[in-house]
Amino acid sequence: MKFPSCEDVEACASAKLLRSMAAKKLRRAQLSQELCERLSRCQITTCQDFLCLSLLELMKVTGQSYYEVQKLLCKVSRACAPKMQTAYEMKLRKSVSPSSAFLSTTLHSLDRVLHGGVPCGSLTEITSPPGCGKTQFCIMLSVLATLPLSMGGLDGAVIYIDTESAFSAERLIEIAGNRFPTYFDSDEKVFCMTRSIHLYRELTCCSVLQRIMSLEEEIISKKVKLIIIDSVASVVRKEFDTKLQGNLAERSNFLTRGASVLKYLAEEFSIPVILTNQITTSLSNGPEIQADLVSPADDLSLSEGASVSGKKDSGCVTAALGNTWSHSVNTRLILQYHDLPKRQLLVAKSPVSPFSAFFYTIEKSGLVLQDGKDQTNLIWEGTNPALQPIRVRNTALKDTLLSATLPSTTGETSSNTSDL
Amino acid sequence: MQREVGSLPLAPALRARLAAAGFQTAQELLETGPCGLSKEIGISKEEALEALQVVRQECHGDAARTAGGSGATRKFTALELLEEEQAQGFIITFCSALDNILGGGVQLTKITEVCGAPGVGKTQLCMQLAVDVQIPECFGGVAGEAVFIDTEGSFMVDRVVDIAAACVQHCQLIAEAQQEEDHLKALETFSLESILSHIYYFRCRDYIELLAQVYLLPEFLSEHSRVRLVVIDGIAFPFRHDFEDLSLRTRLLNGLAQQLIMVANDHKAAVVLTNQMTTRIGQSQSTLVPALGESWGHAATVRVIFHWDNSQRLATLYKSPSQKEATIPYHITPHGFRDVQPPAVTQKAEGTEMNPRKRPRREEEEKQQQFQS
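Here the protein sequences come in this chain order: A and B. For the first sequence, counting from 1, position 395 maps to 395 in this note's numbering; every step adds exactly one. For the second sequence, counting from 1, position 54 maps to 474 in this note's numbering; every step adds exactly one.
In short, the hints are calculated from the structure, not lab data. Keep in mind the model is a prediction, meaning the values are calculated, not measured. Misleading hints may appear alongside valid ones.
[What the hints assert, rightly or not] Here are the simulated SDA-like cross-link-like pairs (lysine to any residue), alpha carbons at most 20 Å apart as the crow flies:
1. A:243 to B:700
2. A:75 to B:636
3. A:71 to B:679
4. A:60 to B:475
5. B:459 to B:436
6. A:91 to B:585
7. A:60 to B:517
8. B:465 to B:429
9. B:744 to B:517
10. A:91 to B:620
11. A:75 to B:638
12. A:71 to B:642
13. A:83 to B:642
14. A:83 to B:570
15. A:60 to A:92
16. A:71 to B:620
[What the hints assert, rightly or not] Facing chain A, from chain B, some residues (calculated, C-beta under 7 Å):
17. 433
18. 436
19. 474
20. 537
21. 574
22. 576
23. 577
24. 620
25. 628
26. 632
27. 633
28. 635
29. 666
30. 731
31. 738
The C-beta atom is built at its ideal place from N, Cα and C for all residues, glycine as well.
Given these sequences and hints, build the entire structure.
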């Protein structure tokens with residue numbers, strides 16, 4: 001069955017490439033007028049067309065000698081190639097404005113481990129089972145981004161792309177009021193904050209992609225400092241069924257396209273981009289199956305099934321969207337259940353931080369870390385971020401019940417998450 | 421040797437005219453001279469002169485090649501190659517187990533590919549190598565500079581600062597222990613600032629920028645002749661989307677591989693590429709294999725695969741012309757890429773670790789003894 005969004009996605013994607021360096025018209029690469037005309041007769045108008053041809057083909061279409069063609073190739077490459085910077089220049093630029101390198105989450109232990117907070121200029125993913133706190137985290141970060149620089153914020157607007165209709169404005173105001181009571185003391189300040197959060201409801205893959213591609217101008221005009229997409233997984237899983245032939249490749253295609261546009265935006269404007277993801281069951285002897293963990297009954301059956309078979313390699317619950325997506329995001333934070341109401345936040349993938357685990361609860365003011373003495377002794381050896389097992393709600397419940405009845409049951413350490 | 425006109429690198433239209441006029445060998449062209457040529461074929465004198473210059477250059481190159489002199493193609497005996505290889509430096513990774521299975525470290529003039537699952541440490545290794553290539557020769561390094569081509573955006577300057585600081589500290593410890601003149605002198609120029617200034621960073625957003633940058637690499641390396649390492653972090657990412665035409669992708673990748681081999685050889689640099697893993701769905705199971713297809717596997721000389729075993733990171737040497745397949749564990753620490761167990765004897769072990777040049781000389785001695793016995 002052909003998906004109706006296929007051609008539209010293609011059109012969106014080609015539109016994106018048209019705006020990149022590759023689509024630079026050859027005239028602007030400082031080739032002579034007559035050469036450009038000659039090339040356009042063979043349908044070669046952009047740098048991309050030029051660089052994709054082999055040397056012999058180029059000789060044929062330009063009518064020039066081998067050495068001339070090599071010189072032309074260098075000329076066109078110079079028009080497309082990125083600018084060089086040394087690592088030293090990059091460091092200097094960062095040290096000049098250090099606060100613009102990250103968005104502090106106000107969860108101090110997490111900020112410390114991430115060298116400041118959610119990094120600007122890269123993609124950060126938050127994965128968790130339903131109800132664990134993804135949307136709460138996103139709403140909290142939206143508030144933080146609008147705060148002035150003196151309070152650790154980014155003093156800018158937020159673009160919130162909501163695909164699950166989970167955003168609640170009332171919760172937004174509640175978090176703001178409870179977390180920063182001294183700052184949000186007047187209605188004026190609250191309205192100012194809510195006016196800076198731009199909410200978009202997108203319900204299909206294609207519309208999400210189109211929205212992402214149109215963001216460039218909005219970021220400049222509205223002075224946006226944070227992009228949140230909540231969630232990527234819900235639209236993708238609705239439209240791509242990986243059991244069907246060819247859908248896995250198309251899904252990867254869509255995801256990598258989206259990721260590269262978002263990375264471009266993140267780096268170009270030096271802003272953080274936050275994406276949320278869902279969970280799936282990954283069976284070690286087969287491709288991952290789509291687990292729609294919507295109702296608690298499904299939740300229970302999965303955990304039951306796994307524990308009945310008893311073996312570790314019968315499968316585990318892990319982040320959705322596959323391997324390729326795990327490569328595309330730069331940082332992965334996992335929220336999972338522990339003993340309710342305590343939950344756990346794991347730093348599963350980060351280029352600057354080792355694996356870390358923290359306990360938190362969800363309060364009126366958003367997420368609150370439990371900085372207790374058991375926090376410092378928490379050693380957690382992580383594993384492959386694409387296969388990191390995640391605890392779902394009922395397993396946590398089951399475990400607490402089990403450990404209550406059987407006092408000799410082994411102490412639940414956070415690393416035993418795969419023993420469901 | 422008489423070179424045929426059809427094989428000369430002239431413009432196709434010009435070649436067609438020459439053939440139509442009856443010219444067959446390059447010698448004939450040179451004998452005719454520019455004025456005669458222009459009259460016979462009907463081109464301007466300047467064009468004729470240009471064409472003759474091209475022909476002369478080609479013939480001169482041919483002659484040089486047949487005489488066995490230095491040119492684009494050189495011939496060696498295996499003994500000369502052996503001596504060259506042994507004198508060749510290695511770029512150490514600070515993980516002695518990994519250096520051992522690679523035969524001393526990342527080898528210059530070869531392409532090494534590192535494949536791995538997400539988050540396993542590929543970019544960390546690349547950043548470590550970009551720092552290690554700059555270690556001065558008296559500490560066992562190659563004293564080179566690094567080019568870092570980033571397609572995924574995972575290069576973190578802060579992390580490089582941490583790794584570089586740890587490296588400088590390591591060298592300082594050795595210098596204090598051994599107290600040699602040249603060590604202290606080298607340390608004067610081997611500082612955090614100089615390390616960062618010699619890492620040349622390019623951010624390529626799509627495959628066209630990557631292609632363009634690789635075409636410009638020979639020119640860049642001629643200007644910066646001390647570069648000894650080219651890292652492309654994420655060769656897979658730009659090629660995994662926007663490609664419906666897989667044959668075009670294969671062609672572009674092959675061209676890229678050839679360019680890189682040329683760069684590695686001509687400029688005596690090591691090329692390190694990182695690749696992603698992709699899921700291949702079999703009949704009953706799915707496996708993780710390196711991305712970009714089977715044909716890409718031929719591009720790299722040495723292939724290392726990083727993977728997980730529960731919570732331990734492992735590196736497997738998958739393809740190498742001279743070393744045996746082996747798997748070793750490694751660690752990523754705040755100081756960078758390291759072994760799992762720190763070496764028991766600190767100063768002495770560090771000394772031997774840091775001087776891989778001692779190793780080839782020892783091997784040579786052993787070999788000489790073998791020949792003699």
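Each hint, compared with the structure:
At roughly 14 Å between alpha-carbon atoms, residue 243 of chain A and residue 700 of chain B fall within 20 Å of each other, so this suggested pair holds. Only pairs whose Cα atoms come within 20 Å are accepted, and residue 75 of chain A paired with residue 636 of chain B is accepted, the gap being roughly 9 Å. Among the hinted pairs, residue 71 of chain A with residue 679 of chain B is consistent with the structure: their alpha-carbon atoms are about 15 Å apart, no more than 20 Å. Of the supplied pair hints, the one linking residue 60 of chain A and residue 475 of chain B holds, its CA atoms being roughly 19 Å apart against a limit of 20 Å.
Proximity of residue 459 of chain B to residue 436 of chain B is assessed by CA-CA distance (about 16 Å); at most 20 Å being required, the pair is judged to hold. Annotation: proposed proximity of residue 91 of chain A to residue 585 of chain B holds, straight-line Cα distance about 14 Å (limit 20 Å). Proximity of residue 60 of chain A to residue 517 of chain B is assessed by CA-CA distance (about 52 Å); at most 20 Å being required, the pair is judged violated. Of the pairs offered as hints, the one joining residue 465 of chain B and residue 429 of chain B holds, with about 19 Å between alpha carbons and a cut-off of 20 Å not exceeded.
Taking the CA atoms of residue 744 of chain B and residue 517 of chain B, the gap is near 13 Å; set against the 20 Å cutoff, the hint holds. Straight-line distance between C-alpha atoms of residue 91 of chain A and residue 620 of chain B comes to about 13 Å, which keeps the hinted pair within the 20 Å bound. For the given pair, residue 75 of chain A sits about 14 Å from residue 638 of chain B by alpha-carbon distance, which is consistent with the 20 Å threshold. Proximity of residue 71 of chain A to residue 642 of chain B is assessed by CA-CA distance (about 16 Å); at most 20 Å being required, the pair is judged to hold.
A threshold of 20 Å between alpha carbons decides the hint, and for residue 83 of chain A with residue 642 of chain B the separation of about 17 Å falls inside it, so the pair holds. About 12 Å separates the Cα atoms of residue 83 of chain A and residue 570 of chain B, which keeps this hinted pair within 20 Å; it holds. Distance hint between residue 60 of chain A and residue 92 of chain A is unfulfilled; the C-alpha atoms sit about 47 Å from each other, more than 20 Å. Only pairs whose Cα atoms come within 20 Å are accepted, and residue 71 of chain A paired with residue 620 of chain B is rejected, the gap being roughly 24 Å.
Because the closest C-beta pair between residue 433 of chain B and chain A is about 5 Å apart, less than 7 Å, the hint holds. Given the 7 Å rule on beta carbons, the hint for residue 436 of chain B is violated: about 10 Å separates it from the nearest Cβ of chain A. Checking residue 474 of chain B against chain A by beta carbon gives a least distance of about 6 Å; that is within 7 Å, so the hint holds. Proximity of residue 537 of chain B to chain A holds as hinted, the smallest CB-CB distance being about 5 Å (cut-off 7 Å).
Hint on residue 574 of chain B holds. Least Cβ distance to chain A is approximately 5 Å, under the 7 Å limit. Interface restraint check: residue 576 of chain B against chain A, minimum CB-CB distance 5 Å, threshold 7 Å, status holds. Residue-level restraint check for residue 577 of chain B holds (minimum Cβ-Cβ distance to chain A is 5 Å; threshold 7 Å). Interface restraint check for residue 620 of chain B: the shortest CB-CB distance to chain A comes to about 5 Å, inside 7 Å, so the restraint holds.
Against a cut-off of 7 Å between C-beta atoms, the interface hint on residue 628 of chain B holds, since the closest Cβ of chain A lies about 4 Å away. Look at residue 632 of chain B: its Cβ gets to within about 4 Å of chain A, closer than 7 Å, so that hint holds up. The restraint placing residue 633 of chain B at the interface with chain A holds, with a minimum CB-CB distance near 5 Å, inside the 7 Å limit. Hint status for residue 635 of chain B relative to chain A: holds, with the closest Cβ pair at about 4 Å, below 7 Å.
A hinted interface residue such as residue 666 of chain B counts as satisfied when its beta carbon comes closer than 7 Å to some beta carbon of chain A; here the least separation is about 11 Å, so the hint is violated. Annotation: residue 731 of chain B was flagged as interfacial toward chain A, and the flag holds, the nearest CB pair being 4 Å apart, inside 7 Å. A distance limit of 7 Å between C-beta atoms decides the matter here; for residue 738 of chain B the minimum to chain A is near 18 Å, and the interface restraint is violated.
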